[in-house]
Amino acid sequence: MGINWRKLNNALHRDVGYFFFGMFIIYALSGIALNHIDDWDPNYIIDNKRVTVEPAKLGPSMSAAQVARLMEELNVNKKIKKHYFPNSRTLKVFLHGGALTLNIRTGHGFLETVGRRPLFYEVNYLHYNHTKSLWTWFSDIFAGGMILLAATGLFVLRGKKGFKKRGIWFVLIGILIPLLFLFIYL
Amino acid sequence: MKLNFSVLALLFFIGCTGNSNRATEAENRQAASEELNEMDVVGLLANADTYDGREVLLKGTVVHVCKHSGKRLHLMGADDKTRIRIEAGKIGQFGRELEGSTIVAKGIFRRQVIDEEYLAKWEGELKKEGGKHQKSRDGREEERGKMRRYREMMKERDGGQIEQYWIDGISFDPVDEEPAM
Numbered sequence: 000m001g002i003n004w005r006k007l008n009n010a011l012h013r014d015v016g017y018f019f020f021g022m023f024i025i026y027a028l029s030g031i032a033l034n035h036i037d038d039w040d041p042n043y044i045i046d047n048k049r050v051t052v053e054p055a056k057l058g059p060s061m062s063a064a065q066v067a068r069l070m071e072e073l074n075v076n077k078k079i080k081k082h083y084f085p086n087s088r089t090l091k092v093f094l095h096g097g098a099l100t101l102n103i104r105t106g107h108g109f110l111e112t113v114g115r116r117p118l119f120y121e122v123n124y125l126h127y128n129h130t131k132s133l134w135t136w137f138s139d140i141f142a143g144g145m146i147l148l149a150a151t152g153l154f155v156l157r158g159k160k161g162f163k164k165r166g167i168w169f170v171l172i173g174i175l176i177p178l179l180f181l182f183i184y185l
Numbered sequence: 000m001k002l003n004f005s006v007l008a009l010l011f012f013i014g015c016t017g018n019s020n021r022a023t024e025a026e027n028r029q030a031a032s033e034e035l036n037e038m039d040v041v042g043l044l045a046n047a048d049t050y051d052g053r054e055v056l057l058k059g060t061v062v063h064v065c066k067h068s069g070k071r072l073h074l075m076g077a078d079d080k081t082r083i084r085i086e087a088g089k090i091g092q093f094g095r096e097l098e099g100s101t102i103v104a105k106g107i108f109r110r111q112v113i114d115e116e117y118l119a120k121w122e123g124e125l126k127k128e129g130g131k132h133q134k135s136r137d138g139r140e141e142e143r144g145k146m147r148r149y150r151e152m153m154k155e156r157d158g159g160q161i162e163q164y165w166i167d168g169i170s171f172d173p174v175d176e177e178p179a180m
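Read top to bottom, the protein sequences are chains W and P.
For what it's worth, numbering that gives the first Met the number 0 labels the leading residue of the first sequence as 0, then goes sequentially.
For what it's worth, numbering that gives the first Met the number 0 labels the leading residue of the second sequence as 0, then goes sequentially.
The following block holds chain W by itself, in its conformation from the complex (with noise of 0.2 Å):
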């Protein structure tokens, strides 16, 4: 009895395409936020407000009531983890999400806040590989299964929609560009 490689061709390329569903969405977007790292910071939203103090209320040496003081005189409900001097002239406030920065003598500084990038981050995270653990390992096999559903992608059809006459075009096409940009840039 011989095997139906049509239909075990087919039956791989549906049952693997459903299982990584999810990794395909996870690293296309992921892909997306990195191919444009010079334009956003794919992993964090931030923001930097100017902030003007009296230079009065500051001082080479400040105490963590005073800090907090002048949090409030500036409308930040963020709590501070800690306040230091990074050299005479800089205040400088670590925030729960952000960090306060002035120079004492003008009074001038600004107010940076910084958030986790909703969804982005945590796909990143993933892209990343930050983990370091079992999932080095599943997503080698996602790129394994990546490569099965384009080698299989290219039989599920039959006839003239099929490899042998439409699909070759599209395939060397695809192929074609990726090259001339090695060729144009590399």
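Among these hints, one or two may not hold up.
[As the list claims (entries may be wrong)] Over 10 Å on every C-beta distance to chain W, these chain P residues come out as not near it, computed from the model:
1) M38
2) A47
3) V55
4) V62
5) K66
6) D79
7) K89
8) R95
9) R110
10) Y149
11) M153
[Stated by the list, open to error] Not close to chain P: a few residues of chain W, all C-beta gaps over 10 Å, as computed:
12) W4
13) W39
14) N42
15) P117
16) G152
17) V155
18) G161
19) Y184
[To be verified] When the alpha-carbon atoms are kept at most 30 Å apart in a straight line, the in silico DSSO-like pairs for lysine-lysine are as follows:
20) W:K91 x P:K126
21) W:K78 x P:K70
22) W:K78 x W:K48
23) W:K56 x P:K80
24) P:K80 x W:K77
25) P:K70 x P:K145
26) P:K80 x W:K91
27) P:K80 x P:K154
28) W:K131 x W:K6
29) P:K127 x P:K154
30) P:K58 x P:K70
31) W:K77 x P:K58
32) W:K163 x W:K131
33) W:K48 x P:K80
34) P:K58 x P:K80
35) P:K70 x W:K131
36) P:K70 x P:K89
37) W:K131 x P:K66
38) P:K80 x W:K78
39) P:K80 x P:K66
40) W:K91 x W:K77
By construction, these hints were calculated from the structure, which means they are not laboratory data.
Remember, predicted model here, so these are calculated numbers, not experimental data.
Built from N, CA and C at the ideal position, the CB exists for glycine as well.
For this one, chain W is given, so just place chain P on it according to the hints.
Same frame as chain W, but now just chain P:
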């Protein structure tokens, strides 16, 4: 259908068994780290010779996380001045949320003495053709720029040498502390 899922199940099994050795290694590291004493950055750098190449446990405040890659952070000691760089290494990446947090980091302490002999050797490697770290023209220029800056720094120091310190990170844990206010 049965064949497809059998293949997938087999692949998962291979992945799971491959991970069991890593779990044992992690347990051994945990046991070893329990023997290390927590140190402050100031204390570590004051005894740099003693700890060079050794595993250390360091507690401090994160004052900077590399914004571009998250591959390194700067840890500040209790004096609010002394800092040391920690490379993410096996940790992978440091999150920006760590800035301002107190952490206990485990890693290997590294010390590099930069003197004229070191720079001459570096220059020699750069000139070699077909060297292991073949660099582009821009890359070589950048490295020569670093060498020039080191030489300028060395002129300002007694003894004509600079010492660089960093930690190759292995793991870290945030310390739960009460907020300042």
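Given the proposed pairing of K48 of chain W with K80 of chain P, does the C-alpha separation stay at or below 30 Å?
holds (27 Å)
Checking the smallest CB distance to chain W, is R95 of chain P really beyond 10 Å?
R95 of chain P is in fact no farther than 10 Å from some Cβ atom of chain W, at 5 Å.
Measure nothing beyond the straight line between the CA atoms of K91 of chain W and K126 of chain P; if it is 30 Å or shorter, mark the hint as holding.
Distance ~44 Å between K91 of chain W and K126 of chain P Cα, so the pair is violated.
Taking the shortest Cβ-to-Cβ distance between P117 of chain W and chain P, state whether it exceeds 10 Å.
holds (15 Å)
Given the proposed pairing of K56 of chain W with K80 of chain P, does the C-alpha separation stay at or below 30 Å?
With Cα atoms ~23 Å apart, K56 of chain W and K80 of chain P stay inside 30 Å; holds.
For Y184 of chain W, is the shortest CB-to-CB distance to chain P above 10 Å, so the non-interface label stands?
Y184 of chain W clear of chain P: closest Cβ-Cβ about 15 Å, beyond 10 Å.
What's the verdict on K58 of chain P and K70 of chain P, does the C-alpha distance respect the 30 Å limit or exceed it?
Holds - the C-alpha atoms of K70 of chain P and K58 of chain P are around 19 Å apart, at most 30 Å.
For the pair we were handed, K91 of chain W and K77 of chain W, check the Cα-Cα distance against 30 Å.
holds (14 Å)
Beyond 10 Å from every Cβ of chain W: is that where the Cβ of M153 of chain P lies?
M153 of chain P clear of chain W: closest Cβ-Cβ about 24 Å, beyond 10 Å.
May I ask you to check that Y149 of chain P keeps its beta-carbon over 10 Å from the closest beta-carbon of chain W?
At about 23 Å from chain W, Y149 of chain P clears the 10 Å cut-off, so the statement holds.
W4 of chain W remote from chain P - nearest C-beta pair above 10 Å:
Holds, because the least Cβ-Cβ distance between W4 of chain W and chain P comes to about 12 Å, which exceeds 10 Å.
Claimed clearance of chain W by K89 of chain P, with the beta carbon kept past 10 Å
violated (7 Å)
The structure fails to meet hints 4, 5, 6, 7, 8, 14, 20, 28 and 32 from the earlier list, while all remaining hints are met.
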